[in-house]
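Asks: Listed here are the chains, written in short residue letters.
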Amino acid sequence: MTAKTADRPTVAGVPNGLWSKISAVLWRRPWARATLLLTPPLAWFLVIYLAALVVLLITAFWQTNSFTNNLEHVWNVQNFVQIFTTSAYLEAIGRTVGIAAGVTVVDGIIAFPFAYFMARVATRRTRTILYVAILLPLWASYLAKVYAWQLVFTRDGVLNWGLGKIALGPLNLINTNWAVFIAFCYIWLPYMVIPVYAALDRIPPSMIEASQDLGGRTWRTTRSVILPLALPGIVAGSIFTFSLTLGDYITPQLLGGTNSVFIGTDAYNFFLSNNIPLGAAMATVPIVIMLFYLLGARALGAFREL
Amino acid sequence: MESTGLKVGLRVWVALVLVFLFVPILLIVLYAFDPATVESWPIRGFTLHWFSVAWHDDAVRSAFLLSVRVGLLATAIALVLGSAVAYALYKFTFFGRDAISFLLVLPIALPGIVTGLALNSFFAFTAIQLSLWTIVVGHATFCIVMVFNNLIARLRRTPGSLAEASMDLGARGWQTQLYVNLPAVITALISGALLAFALSFDEVVVTVFTSGAQNTLPIWIFGQLRLGQQLPEVNAVVTVVIVLTIIPVLLAARIAGAGAVTRTARTAAVTDTGRI
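Sequence lines, in order, name chains L and B.
Numbering-wise, the working numbering puts 156 at position 156 of the first sequence, and it's gapless, one number per residue.
Numbering-wise, the working numbering puts 436 at position 130 of the second sequence, and it's gapless, one number per residue.
Hints are computed from structural coordinates only; laboratory data are not their basis.
Note that the structure is predicted; figures quoted are calculated from it, not measured.
Check each hint, because a few of them may be wrong.
Pair ranges (Cβ atoms, derived) [what the hints assert, rightly or not]: (1) B/364 <-> L/227: 54 to 60 Å; (2) L/288 <-> B/375: 34 to 40 Å; (3) L/50 <-> B/485: 36 to 42 Å; (4) L/25 <-> B/485: 21 to 27 Å; (5) L/19 <-> B/375: 29 to 35 Å; (6) B/437 <-> L/178: 19 to 25 Å; (7) L/75 <-> B/485: 56 to 62 Å; (8) B/476 <-> L/108: 52 to 58 Å; (9) L/17 <-> B/474: 51 to 57 Å; (10) L/171 <-> B/318: 23 to 29 Å.
A virtual CB, placed ideally from N, CA and C, is assigned to each residue, including glycine.
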């Protein structure tokens, strides 16, 4: 190996010394290269991110002193007891899960025909245009999207102006669950369209032709061939719409006010009032819910086809 | 294959969805040019006044500069760490490989409040003062997956024979890296970096918990929206932010193909999560 290195023509400006030796040593030892590549990023994730999650879970079992507001490292489950015995918190959990589920279903219903059109009807050019049309709102500022709905729903907003034109009474949707629900459907819609489209795009046309040859009409083909094959995409999208709604505290605050308190709103308020342990306990609720959601999706066999 | 009626129905549906997707965003842009101080529809004229107000507002300016600095630093860290993992997972097969790709996705797959509170309690626990660097650490953590996804997809499509040919022709390790491997992946790296920057520039859910007294631009906007203050100025700022986040994304799409942008747009992330 060393002889071979020496035989190579030397390149001007590149010393044939230390660097070549190091790279030769690394070339001969793949495990050393792997370790060298993996250590920094893994250290980052273990030392910062996983450690942070562990600290969060531990903090949930601590308390703050009600007089000094200092963190007390006393192990107990008081925070969880408080959350599960206070009706306002339970209501927030119920509302969050309900709206997250509703948003997921509605986004699925809106997204499927759209993605179907993109994948199976649209011409190449139209498809590219629609692709970009989904990408732009996906990446447009999150706060802008929330704020846009504030402008729509507010008393003198576009919605009431439109309703006034067709002689329908003003509808005060701002600070209601509906405002939050509609805004969430809007914000997370692209997250559903893209994986559903990807799944539909992967279905070989021959499968659909086979179904049609066997006498399956549009509805039957959709139900028995396309839907099952698109299921992984729908599940992937639903993980987004569900998880993102579950952990949001900004949209409910800006559009729902005090009438639409979410798990996130409560956790954020605990954080603001310096009661981090109670906030941490509240934050474990969406973690546990997501865990069950993922397990449930796997039990349904949705991941097997991925 | 699809009947004409169905096709017409689908077309109408797609048109309605597009209206739903774009009208709210256009609305903000329109309001940004409204001369009135109290927002109501329809807008009452056209002015650039609020852009000028925003431009001369020191709070907006320093928030904007902080956002740019955080974005650049987070992107730099994400580039280094993201490409290291991508290369490692591409080249080597080892126990726990799937666990690593799952770990990378976790910061964007878990609800935002979880990541935010976790980082906040971590910094409190380790007695690290919140600063520019704590924001950067948070952003880099979820930007890594953007670079990683873009790069590993490209590596899987690049034939390894190119590097072998280069070595056979007598190139040294570094020459192969510089003249063969790098050009093959450079556009993937650039588009990954652009997406990481766009993600960082727009982030607010986690940043609220890692920023202490400093305001990034989204935090400034959130604060104004929460208090309902200076909303006409907010319209102008938000319009600029929309343009600034869209530009890197469109660039990334042009450089690496629209597929790369969607794939990285947190969706491939979940497809990978699905494999656990």
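Asks: Take the hints in turn and mark each one as holding or not.
Replies: Checked hints:
At roughly 56 Å, the beta-carbon separation of residue 364 of chain B and residue 227 of chain L lies within the given 54 to 60 Å, and the hint holds. Restraint check, residue 288 of chain L to residue 375 of chain B: a C-beta distance of roughly 37 Å satisfies the suggested window 34 to 40 Å. A C-beta distance of roughly 38 Å is found between residue 50 of chain L and residue 485 of chain B, which places it inside the suggested range of 36 to 42 Å. Between residue 25 of chain L and residue 485 of chain B the beta carbon distance is about 22 Å. The supplied range of 21 to 27 Å therefore holds.
Remark: the range hint 29 to 35 Å for residue 19 of chain L to residue 375 of chain B is upheld by a beta-carbon distance near 33 Å. In this structure the supplied range 19 to 25 Å is violated for residue 437 of chain B paired with residue 178 of chain L, their Cβ-Cβ distance being about 40 Å. The beta-carbon spacing between residue 75 of chain L and residue 485 of chain B, approximately 59 Å, falls within the hinted interval of 56 to 62 Å. Against the hinted window of 52 to 58 Å, the Cβ-Cβ separation of residue 476 of chain B and residue 108 of chain L comes to about 57 Å, which satisfies the hint.
Between residue 17 of chain L and residue 474 of chain B the beta carbon distance is about 24 Å. The supplied range of 51 to 57 Å is therefore violated. A C-beta distance of roughly 25 Å is found between residue 171 of chain L and residue 318 of chain B, which places it inside the suggested range of 23 to 29 Å.
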